[in-house]
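Peer 1: Each chain is listed here by its residues.
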Amino acid sequence: MNGWLEFGYEFFFWFNRIVFFYIIAVVFVYLVLFLTSAFNLRKQIGIPEMQYDEMLTTKFAPPLSIIVPVYNEEIGAVYSIRSLLGINYSQYEVIVVNDGSKDNSLETIIKEFDMFEMQEKIVWTGLKKGTKPVRKVYGSRLHSNLFLLDKENGGKADALNAGILMSKYPYFVSIDGDTILDTNAIMKVMKPIIEAKPGEEIIASGGSVGIANGNRIDRGYLNSGKVSLVRHPLVVMQVIEYIRAFLMGRMSLSRYNILLIVSGAFSVFRKDWVIKAGGYDTETVGEDMELVVRLHRLIRENKSKARIAFLPDPVCWTEAPESLSVLYNQRKRWHKGLFQSLYRHKKMMLNPKYGAIGMLAFPYFFFIEFLGPAIELLGYFVVIFGLWFNLINIPYAVLFSLVMIIYGSFLSMGALLLEEWSQRKYKKLSDFFRLFVYALTESFWYRPLMSISRMHSLFELGRRKRGEWGRMTRKAGVLHHQEEVPAQPK
Amino acid sequence: MNNSLIIVLWAGLTLLSVLTLIFIYLFIKKTISNRYEMRKKKLLEDYHKSDSVLERYLRTGHMERRMVLGSAVEYEAMQEYFVKRIQVVNEEEHQRIQLFFQQHLVDHYRKRLSSRRYNQRISSLLYIERFNLRELLPDLENLLSKKIGDVEKYAVLRVMAGLQSERIIEIMMDPTQNLPDYVCRQLLYPLNMNLMERFIAGFDQCPPSLQDNLLDILRIRNERSLAFLQMLELLVNSEREELRIRAIKALASFGYASKQGLQRIEESLDHWDAKSWQEKLMLTKLMGSIKSGPFLEKLQELISDRSFMIRSEAAASILLYKDGVQILRKIEASHEDRFAQDIAKEMLKRGIS
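So the sequence lines, in the order shown, correspond to chains A and B. In short: position in the first sequence from 1, add 380, done, that's my numbering. In short: position in the second sequence from 1, add 11, done, that's my numbering.
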């Protein structure tokens, strides 16, 4: 018994030390991220949207393949396809990949767009690993740039790979069926690519994701002029989280070309690079992050100067879960994906050969993003232990935690500041107050909750399901309820 | 311990005050900007009325005092109104809008162009382009000589091109500029034919990327000048493959070649096997848009080419000839190569439906 207690004291002592320095490090890292983003965004305040006009009107943007993987989404898919067919872009094709849906997705799409079976269409562009067999390829009589690929079920990554293989253009973008695009989304993400200097290569480009809950959607697009904040506490917290993650985290990481996550919801990739990298990995949960890590690895291993770009503008909108259990599972999945990506490429960790990716991004994602929740939860236990055995200097501890809470709020507030400088989506004062108040309460309920879900995912890592379609169960038609679209004339 | 307590306390207090400051800043900023937006919205609504000051000015050309002695928000609202309005005006109204900007906003934009703040410079560029304020060309060149980032440089160049500045020729011909293709095309696209002809005249001195893009832009704009045609016919035999391909593509869309030009292309078919598939593909397309006996013969040979794309393009080109349908029918029925039969069949199906 005594031995255990002694061990406990010893552990307590050392844990405290480690955690203390850990916290100082984290505080420092976040501060740097915040300042970098702030500096970058400050330059861009108040530039009118017009800058995209000039591009929309020209015909020189490179052609683009849009890949839409579909799995059991008969209603949603038709809406997304229809809105994609109406985008303002000079030359593009839409490739819908039906990943062996068990519902009527296939039949609905075929009927809706008057599709016919095509003979010679697949151009195999040489991905080393194949995909699940493709049953049939369809073209549309209504839209010459719409194709449908029907294949056996193999998971989202597999569906995307099949789409990539069939695509004919040099760039592709993948879009989830449940994502709503900003009107200028495509031009926004293509801009860094087409404005790259000769000799400079941008091989992937993505933008921020916003939360669509509580907004009006007109003809498949979100009207970004009228964004308003919903009242649901979970959603408000997620709004803050997204702003923080995109504007602070990714913006500054991209500044140094060490961005490891390009939003999977909507990013453009260079096809040849993705194929060279081996396409999407079918064994990972977070196939989008894994791909980006692999691309970075390829860049360094080929000593290339290629870059992955990120822009702070919101380019697409997604529906945030409003139920706790869905959110919980989503975070579990994300954390698992993070782990898998880091683990698969562990060779890059602290490896100077991989430059800033290995020396900065990997440690950041591993120690801060990945280990954070574990340390946090361990911290709660230690506090309980310390209180129990009277080891804690209470005024000090109280003060310290207060300071940390203030720091957390400071970061959230900082994110709101960045939001004001860049996107200015939430204009109403009442929305601002609500965001502020919720940001203050984060440390008491939302943060621990997220940490628990992430810890939970660690325990589940052993039992790995392959190629799953991690999707949230949604209320039918939440995103498409307003429009009463008349049936298309045949 | 006491010492660290004090440190933590100070850290906490500092953070708290920064937090409060940010809060107050955001609160004030949001209040002010919301009020500003409201005022602007109100003004814009007023301008939209058919008897508003601005609409009256567009009709009569009489500038009222209210338009001239505006406050900042009024100017901004007018600017915003005219940006949209200028897209749906007649010639006279267009001139009036421009006159208004020339008389009253040139100085405003000039000041903004030399502002230290990036966003002020960039946003004024957009308006200078839209309202065609040539008076500001010297200021633009001045800005260009300063140390600015690439994004801004391209924006300035774009505006200069839109304003038909002659300086743009010099800048684009300078190989050290290393302009991205996309920017290069954006700069070429709005240039008038006078400036374009100067590029054509100095074609050999242009950097390769400019040469390529120039051909593409002239093709996209569907320019049909003799100088251009003559240049294209010469370039079909260029040493540089990229240039050959683009010249062939441009000729294909031109749809015409002189006698000598035709002869030159026919001769180049002799080296068919040495060509890349891209060049072959373009030539196959060209042989459909410019028609000749030797071309048709070559196309019938190509319909059994190993590559699907060439076969398919050859079939499409044959279909453009007067008796193309009959030729394809014959191929479908009796060609010795099964692939040739298939492609003829598919093309007939597609072409007829």
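Treat the hints as calculated values from the structure; they're not laboratory data. Even for Gly, the Cβ is constructed at its ideal location relative to N, Cα and C. Do not take every clue at face value.
Said to hold, decoys possible - Below 25 Å or equal to it, Euclidean Cα-Cα: the simulated PhoX-like pairs (lysine-lysine) are:
1. B:Lys95 <-> A:Lys577
2. B:Lys291 <-> A:Lys548
3. B:Lys158 <-> A:Lys423
4. A:Lys805 <-> B:Lys40
5. B:Lys51 <-> A:Lys423
6. B:Lys333 <-> B:Lys286
7. A:Lys509 <-> A:Lys548
8. B:Lys40 <-> B:Lys60
9. A:Lys808 <-> B:Lys53
10. B:Lys157 <-> B:Lys122
11. A:Lys548 <-> B:Lys296
12. A:Lys577 <-> B:Lys164
13. B:Lys122 <-> B:Lys164
14. A:Lys808 <-> B:Lys41
15. A:Lys805 <-> B:Lys291
16. A:Lys685 <-> A:Lys727
17. A:Lys491 <-> B:Lys360
18. B:Lys360 <-> A:Lys805
Stated by the list, open to error - Simulated coverage check for chain A against chain B, where a stretch passes if three residues somewhere in it have a Cβ under 8 Å from a Cβ of chain B:
19. 447 to 455
20. 538 to 546
21. 563 to 576
22. 767 to 780
23. 793 to 802
Peer 1: Against each hint, give a clear statement of whether it holds in the structure.
Peer 2: Cross-check of the supplied hints:
Of the supplied pair hints, the one linking B:Lys95 and A:Lys577 is violated, its CA atoms being roughly 32 Å apart against a limit of 25 Å. Straight-line distance between C-alpha atoms of B:Lys291 and A:Lys548 comes to about 18 Å, which keeps the hinted pair within the 25 Å bound. A distance of roughly 15 Å separates the Cα atoms of B:Lys158 and A:Lys423; the hinted pair therefore holds under the 25 Å criterion. In summary, the hint linking A:Lys805 to B:Lys40 is supported, as the alpha carbons are separated by about 14 Å, within the 25 Å threshold.
Our distance criterion of 25 Å between C-alpha atoms is met by B:Lys51 and A:Lys423, whose separation comes to about 24 Å. For the given pair, B:Lys333 sits about 28 Å from B:Lys286 by alpha-carbon distance, which is inconsistent with the 25 Å threshold. With a C-alpha separation of about 19 Å, the suggested pair A:Lys509 and A:Lys548 falls inside the 25 Å cut-off, and the hint holds. Distance restraint check for B:Lys40 and B:Lys60: the Cα-Cα separation of roughly 31 Å exceeds the 25 Å cut-off, and the hinted pair is therefore not satisfied.
Taken as a hint, the A:Lys808 and B:Lys53 pair is honoured in the structure, with Cα atoms around 17 Å apart against an allowance of 25 Å. For the given pair, B:Lys157 sits about 15 Å from B:Lys122 by alpha-carbon distance, which is consistent with the 25 Å threshold. Pair hint A:Lys548 plus B:Lys296 holds up; C-alpha atoms about 18 Å apart against a cutoff of 25 Å. At roughly 12 Å between alpha-carbon atoms, A:Lys577 and B:Lys164 fall within 25 Å of each other, so this suggested pair holds.
For the hint linking B:Lys122 to B:Lys164, the alpha-carbon distance of about 18 Å falls within 25 Å, and the restraint holds. Distance check on the hinted pair: A:Lys808 and B:Lys41 sit about 8 Å apart at the alpha-carbon level, within 25 Å; holds. Taking the CA atoms of A:Lys805 and B:Lys291, the gap is near 52 Å; set against the 25 Å cutoff, the hint is violated. The hinted pair formed by A:Lys685 and A:Lys727 meets the criterion: a straight-line CA distance of about 21 Å does not exceed 25 Å.
A distance of roughly 22 Å separates the Cα atoms of A:Lys491 and B:Lys360; the hinted pair therefore holds under the 25 Å criterion. For the suggested pair B:Lys360 and A:Lys805, the alpha carbons sit about 52 Å apart, so the restraint of at most 25 Å is broken. Note: the segment 447 to 455 of chain A has 0 residues with beta-carbon separation from chain B under 8 Å; the three-residue rule is not met and the coverage is violated. For the segment 538 to 546 of chain A, the stated coverage by chain B is not satisfied: 0 residues place a CB nearer than 8 Å to a CB of that chain, which falls below the threshold of 3.
Counting residues of the segment 563 to 576 of chain A whose CB lies closer than 8 Å to any CB of chain B gives 3, so the stated coverage by that chain holds, three being the minimum. Only residues whose C-beta sits within less than 8 Å of a C-beta in chain B count toward coverage, and the segment 767 to 780 of chain A has 5 of them, enough to reach three; the restraint holds. Using a Cβ-Cβ cut-off of 8 Å, 5 residues of the segment 793 to 802 of chain A lie near chain B, which meets the minimum of three, so the contact claim holds.
In terms of the numbered hints stated before, the structure departs from hints 1, 6, 8, 15, 18, 19 and 20, listed from lowest to highest.
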